[in-house]
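Colleague: Spelled out, the chains give:
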Amino acid sequence: MNVDSIKNGIVIDHITAGKGMQIYNLLGLDSLECSVALIKNAPSRKMGKKDIIKIDADIKVNTDIIGYVDPDITVNIIVDGKTVDKKTIELPERLTNVLTCKNPRCISATEQELPHIFTLADKESRVYRCLYCEAKA
Amino acid sequence: MRSLIDILELSTKELDRLLATADDIIENPEKYAHKCAGKKLATLFFEPSTRTRLSFEAAMYELGGMCLGFSEAQSSSAAKGESIADTAKTVSCYADIIAMRHPKEGAPLVASMNASVPVINAGDGGHNHPTQTLADLLTIHREKGHFDNLTVGLCGDLKFGRTVHSLISALSRYKNINFVFISPSELKIPDYVKESLRKSGIPFTETTDLEAVISTLDILYMTRVQRERFFNEEDYLRLKDSYILTPEKLETAKADLSILHPLPRVNEISVAIDNDPRACYFKQVLYGKYMRMALILMLLEVE
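Taken in sequence, the protein lines are chains D and B. Take 1 as the starting number for the first sequence in my numbering and just add one per residue. Take 1 as the starting number for the second sequence in my numbering and just add one per residue.
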């Protein structure tokens, strides 16, 4: 299957196969006016299969969201058809308004204006905890 | 400016300093009688409490300061839907320091992020209660003289008991501490607490049988099964009488055991034990006031 190369934009590559749609939704890509391609199960030498997202516009993507879902992803910035920057993503230390605390006793459950903040509690097991009540994400 | 939301925000060095100040207050109360003259403490209690609120207020009065505040959410603007952030900003205009209790976990943290004066967490739901832990630590310090090489039994509601979690965190930083968790299976210590103990290499055992382990303990920390932490009344009624400490159960305990309880007690410690020299829970209440005095002085940076 072929999807045209993009001229100026972003390629989110090396997404674990099956997680592409989750990233697409979390980044809110459905609201973009430009062309967006979500390629599922693309063959990969390194991973066997992978998902790829191509965005045909120079937008800012929230790398914290990407890092949370799949820290092995790479983000390529394309200018004039060439890759000018290749970012490897790290597990973010802090996530703001990406996750919602499920603890009904948490203050974030009742205070409407409060941002939902999670912090990385254990890098090894990728555990995030709510900043306010410390409940596991 | 600094607040106290979680006991672990205090280093062991700072804890030592607070304990030393509390010791000095006990020895020389007159030296501290005017330290906070002209300062005001706001006690914002969105949940009922006798001990903690009165302890904070007594602490401030004994330092020569003044108190203002409310003791239930219905008598505050929270009843009109005011946010914690707005309440904290408003009260910062009236008081030099805030003590807040709230049924929602994390509310005092939100207050501290918005207040322009120090905020002390006076209990947030089942989450943290650092000044109770300060009271517990001063009690152990005064009774035992050290925090290391102790076998500490925690009994009752270990799932929702916020004082239990804070005390475990605080004691975990000392050498050769051994924990014994005694609870019904429904109220067991949460996995994340056990995970953290395992990671730090701190030994612990879990049991449902208090009598089987009581002879090994240096400290026995009793807790109440709290009605307000249950969504379901039936579960509360089934579990509330799980552990009742009686003189008979104490027969095999060490002569120098210290029995602590954050109070209020319902029936989990028989009143027959109150006169036993091992019962420390009313001394613990008094020590709580001294530690709150020491904490207020520290956060207000009063020398």
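Honestly, the hints are just simulated from the structure, not real lab data. It is possible that some hints are incorrect.
[Claimed, not checked] Looking from chain D toward chain B, a few residues come up when the C-beta cut is under 10 Å (computed):
(1) Y24
(2) R94
(3) V98
(4) L99
(5) C101
(6) C106
(7) E111
(8) Q112
(9) E113
(10) A121
(11) L131
(12) Y132
(13) C133
(14) E134
Ideal Cβ positions, reconstructed from N, Cα and C, are used throughout, including at glycine.
Colleague: Any hints from earlier that this structure breaks? Give me their numbers in increasing order, please.
Modeller: Of the numbered hints given earlier, those the structure breaks are 1, 2, 3, 4, listed in rising order.
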